[in-house]
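Here's the letter readout for the chains.
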Amino acid sequence: MGAMNTKVIEAEYDYVKPASLDEALDILAEKENVKIYAGGTDLLVKLKMGADLGMDIMMDINGIEDLYGVDKTADGGLRIGAAEKIWNLETNADVIAMYPILSEAMHLMASVSVRNMATIGGNFCNASPVADTVGPCMCYGACVELKSKKGVRTVDATEFFLKPGVTVMEADEILTAIILPAPEENTGAAFTKMARVRPDIAKVSISCVIKRDGDAIKDCRMAMGSVAPKPLFLGDISAELAGKKMSAALIEETAQKVHDFVKPIGDHGTTAEYRKEMAHLIAKEILEKAWENSGGELA
Amino acid sequence: MSAEKIKVNLKVNGEDVTYTINPEDTLLKALRANYNYDVKCGCEIGECGTCTVLLDGDAVKSCVTLAAACEGHEVWTDKGLGENDKLAARLQDAFVECGSVQCGFCIPGFIVAGVGYLKNIGNPDRKMIRNYVSGNLCRCTGYQKIIDAIEKVALEMERGEI
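So the protein sequences, as listed, match chains F and E. Just add 242 to wherever you are in the first sequence, counting from 1, and you've got the working numbering. Just add 30 to wherever you are in the second sequence, counting from 1, and you've got the working numbering.
Isolated chain E (complex conformation):
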């Protein structure tokens, strides 16, 4: 049984790209093999959430998403969001302002999940924020300041400031 390389066309951070992949490659592997190092590789089995990306606007775990299945889909990572999306850039700043970052390994995933929350739900409701980012693990901060940052931006959205 020989598995042949396949080409997959997708949009990554607003840019049309073609990746040459193996059928068993995950989206995480394909992204990192193409220099998207802001997408972190953690547990690799869908537990920790540091590899979270937006796939067609929804936060998903790229380590358990098949790259081949992303043909024609749109992917945004932490870095791309920060450079292209006002709301995401604001959330990144809020993480700094709230002191949400310690070692930083989980942060790209939290930013993407946070952007997913703000764009898809957006209420400044701490319980809902917690539920939305429950797929992301942080071993340093104790989560409070991360929730603070997402809530801060949600409140700004509610007041119409962004």
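So that you can see chain F by itself, here it is in the shape it has in the complex:
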């Protein structure tokens, strides 16, 4: 791999296409160095850019029925199959009605032709600190469902990510679904991402869901993209807001805390200083907006 990149995939690997989830789990249990191909919009780009993924087998999971579907759960939430395309989800009536900022974040991702290919499971498993679907899912209290030959487990979305490209998933596991709890009354949400032009990868992004109790905050959850080595759930800062009466001063104080807490890096996207400044600005903006969307008024 020289300075010139011909965009030829240098890696050699075998291609397998299991017909069922069981068959896919068998392959993951028996073989080593298996990578999953879902939408391909991250995987193929990485391969073309010469990334060494240590992949001997590419397993195509498209068409496996168990990985599709957007279904209401028993408790009134939503179960989203991991291989569902972003475009299908952002235009899904239940997703729009129940989790508006998840739909909004998806609408702001890349372009339609990419969203026709990319999957929500892929956005999670790619584990980029920027991943746009992750922040909203964390704020709505989502879990991810992981399956292997040994069984099923669910992991809170806030505990799924470890570092860039790395999650808590074992090599024999597959992400089968994202499970969202039922939305509550008097809940407001907001999402913002900063990018040069709209389809760009976010320089910095933030999500917020507030549950309101009169003029006080019942519960608040905030998450940010591109300010840490993984999608960052602002658990402690959000939790401190519970039970407090909402005010402009509280919002300013919280935005300052977010600013002080995040430790972004500078990269090709933008500088660390810009990300830190923006963290303050957009934290303020989304707290105001989420509160307003919950039906609250600012004193």
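For the record, the hints were derived by calculation from the structure and aren't laboratory data. Incorrect hints may have been included.
As the list claims (entries may be wrong) - Derived CB-CB ranges, DEER-like: (1) F:Met291 / E:Gly87: 42 to 52 Å; (2) E:Glu34 / F:Gly318: 45 to 55 Å; (3) F:Asp313 / E:Cys73: 33 to 43 Å; (4) F:Leu295 / E:Glu34: 33 to 43 Å.
Unchecked claim - Distance condition first, Cα-Cα at most 20 Å in a straight line; then the derived PhoX-like pairs of lysine-lysine: (5) F:Lys259 / F:Lys391; (6) E:Lys182 / F:Lys259; (7) F:Lys277 / F:Lys405; (8) F:Lys391 / F:Lys277; (9) F:Lys288 / F:Lys526; (10) F:Lys531 / F:Lys453; (11) F:Lys526 / F:Lys460; (12) F:Lys277 / E:Lys41; (13) E:Lys37 / F:Lys259; (14) F:Lys518 / F:Lys486; (15) F:Lys259 / E:Lys41; (16) F:Lys505 / F:Lys486.
To be verified - Example chain F residues on the side facing chain E (calculated, C-beta under 8 Å, incomplete): (17) Glu254; (18) Tyr255; (19) Tyr257; (20) Asp302; (21) Ser353; (22) Ser355; (23) Val356; (24) Asn358; (25) Met359; (26) Phe503; (27) Lys505; (28) Gly508.
For every residue, glycine included, the Cβ atom is placed at its ideal position computed from N, Cα and C.
Based on the hints, put chain E in the right spot on chain F.
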């Protein structure tokens, strides 16, 4: 580790074909290796959109679609659409009428994305059109005339003319 050639059966522009490919070949590479030169090869990393094709009716980037994964699927390219689909042929003409073409390199992708828009959404709404073709780059026209052409056909659809 030896990667073996595989055969993939798919439908390209209405015709059943079997391509012999490597597991790492993209749909773009497989199409061009089989003489579909109307599908252009640009950035090759899913940024520019000139390789856009319809895969089962949705606009996708063939440079980041794995050819092997297209087994049993249906692909339409700019040329095939123009020869077989009235709406696509009308859009091609509209591009000429609106002066949407300069160097032409991005146009096959824009036509396919435009057909994807007209078939899947179709409203004569410039903002929605812009959103739909935001995955396609043009370095000559400044986009306005491309949007004009897609809007023109969308308006004709709305009036029931096509």
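Here's how the hints hold up against the structure:
1. F:Met291 / E:Gly87: 42 to 52 Å: For F:Met291 and E:Gly87 the Cβ distance comes to about 30 Å; the hint is violated.
2. E:Glu34 / F:Gly318: 45 to 55 Å: Check passed, 49 Å falls within 45 to 55 Å.
3. F:Asp313 / E:Cys73: 33 to 43 Å: Given a distance of about 37 Å, which is inside 33 to 43 Å, the answer is holds.
4. F:Leu295 / E:Glu34: 33 to 43 Å: 20 Å, violated
5. F:Lys259 / F:Lys391: 18 Å, holds
6. E:Lys182 / F:Lys259: 43 Å, violated
7. F:Lys277 / F:Lys405: This hinted pair holds, its Cα atoms lying about 18 Å apart.
8. F:Lys391 / F:Lys277: 17 Å, holds
9. F:Lys288 / F:Lys526: Violated, at about 35 Å.
10. F:Lys531 / F:Lys453: 13 Å, holds
11. F:Lys526 / F:Lys460: Within the cut-off at roughly 18 Å; holds.
12. F:Lys277 / E:Lys41: 27 Å, violated
13. E:Lys37 / F:Lys259: Given pair E:Lys37, F:Lys259 holds - Cα atoms ~13 Å apart, limit 20 Å.
14. F:Lys518 / F:Lys486: Given pair F:Lys518, F:Lys486 is violated - Cα atoms ~26 Å apart, limit 20 Å.
15. F:Lys259 / E:Lys41: 19 Å, holds
16. F:Lys505 / F:Lys486: The given pair, whose Cα atoms are some 27 Å apart, is violated under the 20 Å limit.
17. Glu254: 4 Å, holds
18. Tyr255: F:Tyr255 check passes; min Cβ-Cβ to chain E is 6 Å, inside 8 Å.
19. Tyr257: 4 Å, holds
20. Asp302: For F:Asp302, the interface hint holds, since the closest Cβ of chain E sits about 5 Å away, which is under 8 Å.
21. Ser353: 3 Å, holds
22. Ser355: Hint on F:Ser355: holds, closest Cβ of chain E at ~4 Å, below 8 Å.
23. Val356: 6 Å, holds
24. Asn358: Constraint on F:Asn358 satisfied, holds at 4 Å.
25. Met359: Holds: closest Cβ of chain E sits about 5 Å from F:Met359, inside 8 Å.
26. Phe503: 33 Å, violated
27. Lys505: 30 Å, violated
28. Gly508: Violated, because the Cβ-Cβ distance from F:Gly508 to chain E comes to roughly 22 Å (cut-off 8 Å).
Hints 1, 4, 6, 9, 12, 14, 16, 26, 27 and 28 from the earlier list are contradicted by this structure; the remaining hints agree with it.
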